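Taken in order, these protein sequences are the chains called H and P.
Take the first sequence: its letter number 160 is residue 159 in numbering that gives the first Met the number 0, and every next letter is one higher.
Take the second sequence: its letter number 73 is residue 72 in numbering that gives the first Met the number 0, and every next letter is one higher.
Check each hint, because a few of them may be wrong.
Simulated restraints on C-beta separations [to be verified]:
1) H:108 x P:159: 46 to 56 angstroms
2) P:117 x H:100: 57 to 67 angstroms
3) P:120 x H:209: 52 to 62 angstroms
4) H:140 x P:62: 29 to 39 angstroms
5) P:88 x H:158: 19 to 29 angstroms
It is worth saying that the hints were derived from the structure and are not from the lab.
None of the values given here were measured: they were computed from a predicted structure.
We treat Cβ as the ideally placed atom computed from N, Cα and C, and that holds for glycine.
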Amino acid sequence: MAGFTYTSGIVIQQSDVRRPLRHTALVRITHWVFTLSFFGLLVSGFAIILAHPHFYWGETGAIGTPSLFDLPLPTMTGGPSGWGRSLHFLSAWIAIFTGLLYFTSGILTQHFRNQLFPALASMSWRVLRATALDHLRLKRPVDRGSYNIFQRLAYLAVIFLLFPMMIVTGFAMSPAITSVVPQFVTVFGGQQTARTLHFFLTVVLVLFLAVHVAMVILAGFAARMRAMITGRPGPTKERS
Amino acid sequence: MSNGLSRRRLITSGLAAAAGASGLVYSARLASRHGLIPPDNGGIWGVGETLTYAAQRILTSHHSLAREFHRSQISRVIPVNGEPPKTEPFAHLSRDGFVDWRLKVDGLVARPASFSLDQLKRFRSRTQITHQACEEGWSFIAEWTGVPLSTVLNFVGVGSRARYIVFFAFDDFWDSLDLADAFHPQTLLTYGMNGEELPAGHGAPLRLRVARQLGYKSVKYLSHILVTNTLKHIGKGLGSGAPEVGYSWYAGI
Numbered sequence: 000m001a002g003f004t005y006t007s008g009i010v011i012q013q014s015d016v017r018r019p020l021r022h023t024a025l026v027r028i029t030h031w032v033f034t035l036s037f038f039g040l041l042v043s044g045f046a047i048i049l050a051h052p053h054f055y056w057g058e059t060g061a062i063g064t065p066s067l068f069d070l071p072l073p074t075m076t077g078g079p080s081g082w083g084r085s086l087h088f089l090s091a092w093i094a095i096f097t098g099l100l101y102f103t104s105g106i107l108t109q110h111f112r113n114q115l116f117p118a119l120a121s122m123s124w125r126v127l128r129a130t131a132l133d134h135l136r137l138k139r140p141v142d143r144g145s146y147n148i149f150q151r152l153a154y155l156a157v158i159f160l161l162f163p164m165m166i167v168t169g170f171a172m173s174p175a176i177t178s179v180v181p182q183f184v185t186v187f188g189g190q191q192t193a194r195t196l197h198f199f200l201t202v203v204l205v206l207f208l209a210v211h212v213a214m215v216i217l218a219g220f221a222a223r224m225r226a227m228i229t230g231r232p233g234p235t236k237e238r239s
Numbered sequence: 000m001s002n003g004l005s006r007r008r009l010i011t012s013g014l015a016a017a018a019g020a021s022g023l024v025y026s027a028r029l030a031s032r033h034g035l036i037p038p039d040n041g042g043i044w045g046v047g048e049t050l051t052y053a054a055q056r057i058l059t060s061h062h063s064l065a066r067e068f069h070r071s072q073i074s075r076v077i078p079v080n081g082e083p084p085k086t087e088p089f090a091h092l093s094r095d096g097f098v099d100w101r102l103k104v105d106g107l108v109a110r111p112a113s114f115s116l117d118q119l120k121r122f123r124s125r126t127q128i129t130h131q132a133c134e135e136g137w138s139f140i141a142e143w144t145g146v147p148l149s150t151v152l153n154f155v156g157v158g159s160r161a162r163y164i165v166f167f168a169f170d171d172f173w174d175s176l177d178l179a180d181a182f183h184p185q186t187l188l189t190y191g192m193n194g195e196e197l198p199a200g201h202g203a204p205l206r207l208r209v210a211r212q213l214g215y216k217s218v219k220y221l222s223h224i225l226v227t228n229t230l231k232h233i234g235k236g237l238g239s240g241a242p243e244v245g246y247s248w249y250a251g252i
């Protein structure tokens, strides 16, 4: 029982203190606040779609014009899209503020550079192939204390590609915002195209979430959850 | 050592919280003075509504123009949402080709007035081809012809205390605009659509068109325009019939 320190009545094991946190408090807080707002966006997005579960390509589209595809959902007007849109925007604001906090701190603390940007050496075919084979064999991941190349690429794509695209396709549907920056919509070739892409991006993000949760379960659900809540994956070996 | 650290932390976070709280109160006062608080700012959605409205009012200059299109882009299919009012006064006006119809404009104005359709058509008109999206998700492009709302407002002389323009319709729907959208050059009182008279289903005899907001802000079957400095005493005081059934007052999205 070596090395205890006392801080206002809380006992902290010395070995824990010295080990750097797996996730900083800021990453943990923004992770869970963002999770909540993501579900808010998902549920409300679904509610909005119920008012018109048809998707088009180009500037315009309505009942009576050819659609790109139709979701097998009932059409419910005059209800879900009302509270849906209010929840969508409230969640979007929370997501934006959380995202900005995460983004700025990620740059300032070099979190992106150290934890997410892959080292050039790891971009070799050998590493990529080895990691791919590990995944294909459903090999239980070893905790190396850092992200593998696939994790890094997936997280980077979500943070720097999918979320920005989500925001811009959202802006493209706003006649007020596109009156200031018409390029938000013209770059996609039309408002209905932007709406359809906004939906496709949601599908990709939901797929990412499914893989993300599957990997967390595979890697040891309890330890990974503990790491994202308390900052530490679990009790250290030195415990008596 | 650890005690000193936690005390310092406590003091800093206390100061930060106090600064944050007073900052919030100050910005709320500032926002209110600059007209950045929407009338439907209460309830659980109020924060989101206020942030969206305030951010868009700050970012969009008062006269940023909605996109306009070429004639060849006008939609061939333009769905009609809802039916013209079935009340007897409206049916009577409609049967007579709206010759007896009048648009009343009053409230905080220097010269309250009542306009016939012919009188409105004598003002310099504006024709524009814009995209209109329904809050449900579908959309169309159409050409609209009408008199800019600003022309009519300047004609009656809007008082300096005015903050909102309220629109009443024959179908008992009502809505309102802030001055930024009311005096916007693309905000029209339309009587023509795609080169013809405004069809019955699209709001004849006169329909408001707000190019920078969703379709439901473009009130059909207009009967009365009121200039006011407060929306508190109209309906439930939320600025429009829309928030009373769960939709936002501001629909610039």
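Tested hints:
1. The supplied range of 46 to 56 angstroms is met by residue 108 (chain H) and residue 159 (chain P), whose beta-carbon atoms lie about 52 angstroms from each other.
2. Between residue 117 (chain P) and residue 100 (chain H) the Cβ separation comes to about 59 angstroms, which falls inside the hinted range of 57 to 67 angstroms.
3. Taking the beta carbon of each, residue 120 (chain P) and residue 209 (chain H) are about 59 angstroms apart, inside 52 to 62 angstroms as hinted.
4. In this structure, residue 140 (chain H) and residue 62 (chain P) break the distance hint of 29 to 39 angstroms, their C-beta atoms being roughly 57 angstroms apart.
5. Here the CB-CB span from residue 88 (chain P) to residue 158 (chain H) is close to 59 angstroms, at odds with the stated 19 to 29 angstroms.
In summary, the numbered hints that this structure violates are 4, 5.
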